[in-house]
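Just so you know, the sequences run in chain order L and B. Here the first sequence is numbered in my numbering, starting from 1 and rising by one per residue. Here the second sequence is numbered in my numbering, starting from 1001 and rising by one per residue.
Read the hints as simulated data drawn from the structure, not as lab findings. Take the hints with a grain of salt, since some may be wrong.
Computed footprint of chain L on chain B, listed as stretches where at least three residues anywhere in the stretch have a Cβ under 8 Å from a Cβ of chain L [unchecked claim]:
| # | region |
| --- | --- |
| 1 | 1015–1025 |
| 2 | 1124–1131 |
| 3 | 1239–1247 |
| 4 | 1254–1268 |
Note that CB positions come from ideal geometry on N, CA and C, so glycine has one too.
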Amino acid sequence: MTRYIVRRLAGAVPTLFIIITAAFFLIRAAPGGPFDQEQALPPEILANLQSAYGLDLPIWAQYGRYVRALARGDFGPSFKYKDFTVTELIAQGFPVTLQIGILALLAALGVGIPLGTFAALHHHSLADYGTMSLAVVGIGIPSFVVLPFLGLFFGVYLHWLPVAGWEPDSMRHLVLPVIALCLPPLSIVARMTRGSMLEVLRTPFIRTATAKGLPLHVVILRHALRPALLPVAGYLAPAVASIMTGSLVVETIAGLPGVGRYLVQGALNRDYTLVMGMVILYSALLIAMGLVVDLLYAWLDPRIRLGR
Amino acid sequence: MSAARRLCSNPAAACALAIIAALVVLAVAGPWFNPNDIESLDWAHVAAEPGLSGAHWFGTDRLGRDLFARTLEGTRVSLAVGVAASAISLVVGIAYGAVAGYAGGRIDGLMMRFIEVLSGLPLIFFVIFLTVIFGRSQYLLFFAIGAVGWLTMARIVRGQALSIRRREFIEAAIASGATSGRIIFRHVIPNLLGSVIVYATLTVPQIILLESFLSFLGLGVQEPHSSLGTLIAEGAGEMEAAPWILVVPGGVLALLLLCLNIVGDGLRDALDVKEH
């Protein structure tokens, strides 16, 4: 087990390295630079700035410098947020993003799995069709439409919750963004759970469990749920990706001080180091999620042996 | 033929299909029966409320532009991007998947490994990079979205091609001396169209969603043109004073995506295609 984890983590290093390299050269290929302004800087000042940040070196030398600094854990200074390093910016914003992301993921699983199970148990009934129609709505409508609508309804008309904004240690400001973020993965989880639960419920071992007189909740919780959750576990990595993507817009609409805005703003401002930091952060998270999924698979289905 | 009949006998899918058809007709023909155009500014009615009796059925925005005309244009742009980018991802995905599945063995392993690496990344990074690098041209937007949309299609096609490869008629084609290219195009691809059609109808809403997401971020369609995403971004800023600027395009986008998803699901049931 430990050996498997170590080997997988070692295997992630080249993947991450390829991503870093591709992102580095792609963003440098974009026209313009971090010091472009409405009023062009005097050439002497521009030259000074560029040599201060090492931008006057040939691109390969810059790449070497960047990778060597990364190996020491140094993500470099931000070009646009003067006096801040990328590490500082991410350390400030990431806890907020992580908080709403984890809440959204927990809500998606915590509501989606029971909902899917419920629909499967009432197959071909009104409850089944009702939940699945709601799921189609959840999948179809993007979070950047849902969130303003929720804000309009609960904030502007009912005055129950704040439309946007942020206060430390206040959950009220997180409710609407988390709902908007969790709806698409929640709907997909509910659909997947229903589908696989229907298949599992037809298998002989469930019939045996029912036949020997176990109450329904024991049959579901002790026997059916674990195999039925296999496809849901496989969906975890895409779910995290969808929540990450959603957080790019949801944080902006809700005015949350997370890291979501840095990716797009950084790319538009040619804030090379900030964009690279975000790419590395998100890719590392996704790769880690892939590992978690494989470990979950092994736990859910004992027939799966890790490391071949 | 029977698949089409089965689709239409599904009330939800038939209803959704009718709504999509109506939206397409409105988006294409709308400008002819709407007296207002996209760009003219009506200073007498700035941020006017919607109403069928007024000059502007869906109201106007902050600059006095007719929201009905702008929503129709946005729908047209979003649909065009959805269809064009889906077509690109379709062509690339089918070609890649069919070659990988038919070739099998080491080539298949390598090609699938490449897809695995690509789909391990949040695709939005690539689309953001591509739109930043290539500027904000609409055609490049099609290309950028289509270029990342083909991964799942390639996977599905490859799975089908792997099983088709072992069938007798392929053996017969090989025995009669057909080249690999001919076998792929004449025998493999026509036989996997069922699942391709289903997945393609589900790709269109995903791509419309991605396009409006990018436009919402300001990376997609640019002024004076509008897509549903740019209109929603505009409306979200005016939410408290003039909610209809958000509700109209947001409602249309939600309706369109919902109906496309329902039709895709209905088609999957009608053609009885298993995913994966």
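Apply the coverage criterion to the region 1015–1025 of chain B and chain L: a residue qualifies when its Cβ sits closer than 8 Å to a Cβ of the chain, and three qualifying residues are needed. violated (count 0)
Count the residues of the region 1124–1131 of chain B whose Cβ falls closer than 8 Å to any Cβ of chain L, and tell me whether that reaches three. Satisfied; 4 residues make the cut.
Under 8 Å between beta-carbons, do enough residues of the region 1254–1268 of chain B, three at least, approach chain L for the coverage claim to hold? It holds, with 7 qualifying residues against the three required.
Given that the region 1239–1247 of chain B was listed as covered by chain L, double-check it with a C-beta distance under 8 Å for 3 or more residues. holds (count 5)
Going through the hint list in order, the structure does not satisfy hint 1, though it satisfies all others.
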